[in-house]
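Novice: So the sequence lines, in the order shown, correspond to chains A and B.
So the first sequence is numbered by my numbering: it starts at 1 and just counts up by one.
So the second sequence is numbered by my numbering: it starts at 1001 and just counts up by one.
Since the hints were derived computationally from the structure, they do not count as laboratory data.
On a predicted model such as this, the values are computed, not experimentally measured, just so you know.
For each residue, glycine too, the CB sits at the ideal point set by N, CA and C.
Honestly, I wouldn't trust all of these hints.
Listed next, the in silico BS3-like pairs over lysine-lysine satisfying Cα-Cα at most 27 angstroms (straight line) [said to hold, decoys possible]: (1) 1109(B) - 1061(B); (2) 164(A) - 127(A); (3) 1061(B) - 172(A); (4) 43(A) - 130(A); (5) 1027(B) - 1109(B); (6) 1109(B) - 1099(B); (7) 206(A) - 130(A); (8) 1099(B) - 164(A); (9) 217(A) - 1202(B).
Short derived list, chain A residues pointing at chain B, Cβ under 10 angstroms [claimed, not checked]: (10) 55; (11) 57; (12) 127; (13) 150; (14) 166; (15) 167; (16) 182; (17) 213; (18) 214.
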Amino acid sequence: LERLSNLVGKPSENHPLHNSGLLSLDPVQDKTPLYSQLLQAYKWSNKLQYHAGLASGLLNQQSLKRSANQMGVSAKRRPKAQPTTLVLPPQYVDDVISRIDRMFPEMSIQLSRPNGTSAMLLVTLGKVLKVIVVMRSLFIDRTIVKGYNENVYTEDGKLDIWSKSNYQVFQKVTDHATTALLHYQLPQMPDVVVRSFMTWLRSYIKLFQAPCQRCGKFLQEGLPPTWRDFRTLEAFHDTCRQ
Amino acid sequence: LPGRSVSQVPVAEGKSVQQTVELLTRKLELLGAEKQGTFCVDCETYHTAASTISSQGQTGKLMYVMHNSEYPLSCFALFENGPCLIADANFDVLMVKLKGFFQNAKANKIESRGTRYQYCDFLVKVGTVTMGPSARGISVEVEYCPCVIANDCWNLLMEFMQSFMGNHTPGIPSVFSTKHDSIYSPADTMVQYMELFNKIRKQQQVPVAGIR
């Protein structure tokens, strides 16, 4: 027996996978496919890291910084004075929003802060649509556009900032609104940005009444003209815009 | 609630009601609409009983009790130019109890049954209107779901209807002109159906003309 036990090889100490490699020795693959799942998770996260690296290289070529913060600069070169646009007192944000609320009679804005200091706006435009705007100090982070008759609250009465509209036309307008908030950028004057965005949004009061400026028709593939030009505020179909 | 138009499509020359319905549904499917179940709208007529008419010679009023499969828990009761009541489905039982005041004209029961189609944000219902055993006409209901103000989307609705109804696209319904900027409600749809059913009832067996 001693001779036989000396013949049994020692487990390889140079095992590259260490403990996770021991999982592969599990014979019951059907009930506990841990090892294959582990491999898949590992491959997936490697791929994710690789793609993220590629994406950040591509994105850094376009400077799309909406805030005046200099994120990529090293600590030594960072200016001593903190950029002020990201750290605005909530009272200032409230004031700006209430001033914009009074600007247009057909547009009403309700401000609430259910999740900390970040403001959430519920903009009601006539009887056409409702927009939920999530802000980060005075910068607009996300918007969701829904119909006038759709429910914007969750079951427990809070503002629902995640679910999309049930109607294709408002899903399209949501995409356009996201494009708009990326278009209107002025890092040093965020209140001008919010004002421009609201002026652009207000042009949707005639969403169902205005024909397309290019083709003259009301419908294209079942959708009314959902695009509003950023400068002239004219109505175009998504497929008709230049 | 969404803006809607209910209209009648005349039966094409030389074709039966069934064939015209098939023509319409085929055009809709070519556009890209998808079938989404069936629908049914029916209407019963009640006369005010003779015993309740006052001695001043007031003529009996006609009351219509209607159901719409789109609102399965409700019952609609309306007078011709008068108010529309939206009630619980138990209203039918109440009408039985009011036999002394309102008498059911059973022969006048009229209904429209057919398929529902969905195209983008539009809902189209093409139905065969039958009175008793005979098919009397075709009803087409077009609804644009995202818009709640009827007047706003009329041009849009009309453009859509022209794409599959062609020359039979109707004019603007009378309810739209009275609504102005108020929100559309299911009662307005039932009023449109009532007017349509009345029109069909007055027509002859095989309708040839008459676009509303």
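Novice: Next step is simple, just say for each hint if it's right about the structure.
Specialist: Now for the hints, and whether the structure bears them out:
Distance restraint check for residue 1109(B) and residue 1061(B): the Cα-Cα separation of roughly 17 angstroms lies within the 27 angstroms cut-off, and the hinted pair is therefore satisfied. With a C-alpha separation of about 19 angstroms, the suggested pair residue 164(A) and residue 127(A) falls inside the 27 angstroms cut-off, and the hint holds. This hinted pair does not check out: residue 1061(B) and residue 172(A) have alpha carbons roughly 49 angstroms apart, beyond 27 angstroms. A distance of roughly 43 angstroms separates the Cα atoms of residue 43(A) and residue 130(A); the hinted pair therefore is violated under the 27 angstroms criterion.
Restraint check: the Cα-Cα separation between residue 1027(B) and residue 1109(B) comes to about 30 angstroms, which exceeds 27 angstroms; the hinted pair is violated. Between residue 1109(B) and residue 1099(B), the direct Cα distance comes to roughly 17 angstroms. Compliance with the 27 angstroms bound is thereby established for this hinted pair. The suggested pairing of residue 206(A) with residue 130(A) holds, with an alpha-carbon distance near 14 angstroms, which does not exceed 27 angstroms. Distance check on the hinted pair: residue 1099(B) and residue 164(A) sit about 50 angstroms apart at the alpha-carbon level, beyond 27 angstroms; violated.
Distance hint between residue 217(A) and residue 1202(B) is unfulfilled; the C-alpha atoms sit about 37 angstroms from each other, more than 27 angstroms. Because the closest C-beta pair between residue 55(A) and chain B is about 33 angstroms apart, greater than 10 angstroms, the hint is violated. Given the 10 angstroms rule on beta carbons, the hint for residue 57(A) is violated: about 39 angstroms separates it from the nearest Cβ of chain B. For residue 127(A), the suggested interface contact is upheld, since its CB lies about 5 angstroms from the closest CB of chain B, less than 10 angstroms.
Evaluation of the residue 150(A) hint against chain B yields a held restraint, the C-beta minimum of about 9 angstroms falling below 10 angstroms. For the restraint placing residue 166(A) at the interface with chain B, the shortest Cβ-Cβ distance is roughly 8 angstroms, inside the 10 angstroms limit, so the hint holds. For residue 167(A), the shortest C-beta to C-beta distance to chain B is roughly 4 angstroms, which falls under 10 angstroms, so the interface hint holds. At about 25 angstroms, the closest approach between the beta carbon of residue 182(A) and any beta carbon in chain B exceeds 10 angstroms, and the interface hint on this residue is violated.
Proximity of residue 213(A) to chain B is violated relative to the hint, the smallest CB-CB distance being about 15 angstroms (cut-off 10 angstroms). Evaluation of the residue 214(A) hint against chain B yields a violated restraint, the C-beta minimum of about 16 angstroms exceeding 10 angstroms.
Violated hints, listed in ascending order, are 3, 4, 5, 8, 9, 10, 11, 16, 17 and 18; each of the other numbered hints is respected by the structure.
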